[in-house]
Amino acid sequence: MTIDNELETWRQQWHSETEPLPELKRKIKRQNLRTVAAVVAVCVCLPLSTIEALRTRSSFAIGLASGIAFSSALMGSYVWWVRRGAWKPTAQTTLAYAELSYKRAVAKARSLRFAFYFLLIATTLFAGFMAWNWKHFHVRDGAIVAAMVLEMLLFQRLRRRKLQEMKETKKLIDDMKE
Amino acid sequence: MDETDPLSGDLVSDHMRETTEARFNRILHEYGTALSRLAFGYEKVAGARQELTQDIALAIWQALPHFRGECSERTFIYRIAHNRGLSHAFRRQPAHEALDELPRPLEPVDPRPQPEEQLAIASQRDRLRTAIQRLPLAYRQVVMLLLEELQHAEIGEVLGISESNVAVRLNRARKLLKEALEARS
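From first to last, the protein sequence lines stand for chains Z and A. Numbered according to our numbering, the first sequence spans residues 1 to 178. Numbered according to our numbering, the second sequence spans residues 1 to 185.
A couple of the hints might just be wrong.
Stated by the list, open to error - With a cut-off of at most 25 Å between alpha-carbon atoms, the simulated DSS-like pairs for lysine-lysine come out as follows:
id, chain 1, residue 1, chain 2, residue 2
1, Z, Lys27, A, Lys178
2, A, Lys175, Z, Lys171
3, Z, Lys171, A, Lys178
4, Z, Lys177, A, Lys178
5, Z, Lys27, A, Lys175
6, Z, Lys177, Z, Lys167
7, Z, Lys170, Z, Lys103
8, Z, Lys108, Z, Lys170
9, Z, Lys103, Z, Lys29
10, Z, Lys167, Z, Lys103
11, Z, Lys108, Z, Lys29
12, Z, Lys103, Z, Lys171
13, Z, Lys167, Z, Lys108
Calculated from the structure, these hints are not laboratory results. Computed from a prediction, not measured in an experiment: that's the story for all the values here.
If we strip away everything but chain Z, and leave its shape as in the complex, we get:
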């Protein structure tokens, strides 16, 4: 059996020194704490807000209770969706994972583009309404438009990043398949 000296040298160098290991369980502990905190928050806020809404019957309390219930249901569905195996590292090879990452990046870029144009239309309409109703202009309205414009810029930036991610992922997939 021939010994591959070059490979053995590289292996020795590769294994020669490793930097001190970080506290590997720190993120796990943090993640567990977050999960517990979320469950406790839902268990406390949901019944309290419902009781308050039933007791006072005010539109604010009903709105708050509905909002909390809706958010909890949304959050629960998301957690269930993630856990049911949208990404299963056990079942995914790196190639399959890269393909999945590409699909995700495409979907994310599309939704960011949609959000950008949706916000553009909303901002235009809102600004138009402000111009038409300029006599009742309030600083708050200006602040809302400014916030919407800032959000649009943020969406554009995120989309550019996603497009870059798509490019890199596509390159890797092509390299792996060649």
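Given chain Z, work out where chain A should sit, using these hints.
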């Protein structure tokens, strides 16, 4: 129900939990340094690299209960580590890519005799790591797995490519790596 009944629901779940934790601890003990080395291939900045190593550990912890032995444990661990590394590489800020050299420790890591020899070893190691970091991702992965002493078949299993494809890719990767090392020496 008999409290000592091993089939009691609570006891079984406790037992399962304990087993998963014990297994996870063993995995960290066995593969911790390997995961840290793999993180070198995906991140040059020390702080971000430590974050990545922790992310990999978290991903393993989350995936461990779903592991049903469809592949070897080693394949499973490296698969997760590389997938997490890929996510990191795809989302990395461009600023991280600008750094050319690995950060060097301020003090000698190993104060054994013959410091010149130690220095030479450290320098060769850094050169190798830097050269690996500069390889295209598809080549970088096969090289790192080869250096971790995985067989071609195992590398193929981790990456999802055929054994012959692994061999071809390794040939090209080794050629590129050799050229990079020679250019830097």
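- Holds or violated: are the alpha carbons of Z/Lys103 and Z/Lys171 at most 25 Å from each other? holds, 14 Å
- Taking 25 Å as the top limit, are the C-alpha atoms of Z/Lys27 and A/Lys178 close enough? Outside the cut-off at roughly 37 Å; violated.
- Message: Check whether the Cα positions of Z/Lys108 and Z/Lys170 lie no farther apart than 25 Å.
- Response: OK: Z/Lys108 and Z/Lys170 at ~15 Å, within 25 Å.
- Message: Just to be careful, I want the Cα atoms of Z/Lys167 and Z/Lys103 compared with a cutoff of 25 Å; is the pair within it?
- Response: Status holds; Cα separation ~12 Å.
- Message: Between the alpha carbons of Z/Lys108 and Z/Lys29, is the straight-line distance 25 Å or under?
- Response: Outside the cut-off at roughly 29 Å; violated.
- Item | Holds or violated: Z/Lys170 to Z/Lys103, with C-alpha atoms at most 25 Å apart | Given pair Z/Lys170, Z/Lys103 holds - Cα atoms ~10 Å apart, limit 25 Å.
- Task: With a cut-off of 25 Å on the C-alpha distance, tell me whether Z/Lys171 and A/Lys178 pass.
- Result: holds, 23 Å
- Message: What's the verdict on Z/Lys103 and Z/Lys29, does the C-alpha distance respect the 25 Å limit or exceed it?
- Response: Roughly 31 Å between the alpha carbons, so the hint for Z/Lys103 and Z/Lys29 is violated.
- Query: If you draw a straight line from the CA of Z/Lys167 to the CA of Z/Lys108, is it 25 Å or shorter?
  - Reply: holds, 14 Å
- Message: Run the distance test for A/Lys175 versus Z/Lys171: straight-line Cα separation, threshold 25 Å.
- Response: holds, 20 Å
- Take a quick look at whether Z/Lys27 and A/Lys175 sit within 25 Å of each other, Cα to Cα. violated, 38 Å
- Query: Does A/Lys178 lie within 25 Å of Z/Lys177 when you go C-alpha to C-alpha?
  - Reply: holds, 24 Å
The structure fails hints 1, 5, 9 and 11 (numbered hints given earlier, in ascending order).
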